[in-house]
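K.L.:
The lines below spell out each chain.
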Amino acid sequence: DAMVIQNPRYQVTQFGKPVTLSCSQTLNHNVMYWYQQKSSQAPKLLFHYYDKDFNNEADTPDNFQSRRPNTSFCFLDIRSPGLGDAAMYLCATSRAGGGARETQYFGPGTRLLVL
Amino acid sequence: AQKITQTQPGMFVQEKEAVTLDCTYDTSDPSYGLFWYKQPSSGEMIFLIYQGSYDQQNATEGRYSLNFQKARKSANLVISASQLGDSAMYFCAMREEGTGNQFYFGTGTSLTVIP
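Order-wise, the sequence lines are chains A and B. The first sequence begins at 1 in this note's numbering and counts up by one. The second sequence begins at 1001 in this note's numbering and counts up by one.
Don't read these hints as lab results, they were simulated from the structure. Where a beta carbon is used, it is the ideal one built from N, C-alpha and C, also for glycine. Be aware that one or more of the hints could be misleading.
Covered stretches of chain A, as calculated for chain B (at least 3 residues, CB under 8 Å) [claimed, not checked]:
{"no.": "1", "segment": "41 to 54"}
{"no.": "2", "segment": "81 to 93"}
{"no.": "3", "segment": "106 to 112"}
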């Protein structure tokens, strides 16, 4: 089945130690998103790619970076995680070009714990 | 102004009963899509149902239906014959034709189904 895959599902890191979360998709969608979601809150968009075009949200901290080496893969790098970065990180994909009717498809998420 | 408003932080429903989750939206774009997602405690966001701004009929998908009132800018989700597995967070979201790939999420409603 076509899907969005995130690895790892759970990640424990130490304060200040760089961490990379990965996302892959078999849907061949041209848009990929990274969201941060804290407990009982709505997902907060960090950035998204439209093909190779990177779109950063204005309030996304510089501590968060992303790479998309090809259509299928997208990475979220947290350069120096702080305790406040502990959250669920959701990757999603969508098809552009179909207008407002195209939904997002989400991966299972990566829960990040910062010690 | 909030693009998506969900005014019910928590809802309870008896098993086998119907429940309505409220969602209002704000946009000046004539072309937009409205989406509902379910997020169980496992964390994955699951797409449930879509309503387009030009759709003449309310969307339905199995036990899910959308009560779309365009003039009131509301898109309430109706879940019929509630099941225990329906207990989850529910998010309403919108995508505008004019803003391309951006999705706007509400704050969510936590639904608990009581046996």
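K.L.:
Look at each hint and say if it fits the structure.
P.N.:
So, going through the hints one by one against the coordinates:
1. With 6 residues bearing a CB less than 8 Å from a CB of chain B, the segment 41 to 54 of chain A meets the requirement of three and the coverage assertion stands.
2. Check result for the segment 81 to 93 of chain A against chain B: holds, 3 residues qualifying (beta carbon to beta carbon below 8 Å, three or more required).
3. Counting residues of the segment 106 to 112 of chain A whose beta carbon lies closer than 8 Å to any beta carbon of chain B gives 5, which meets the minimum of three for the stated coverage.
Consistency with the previously given hints is maintained throughout, with no hint failing.
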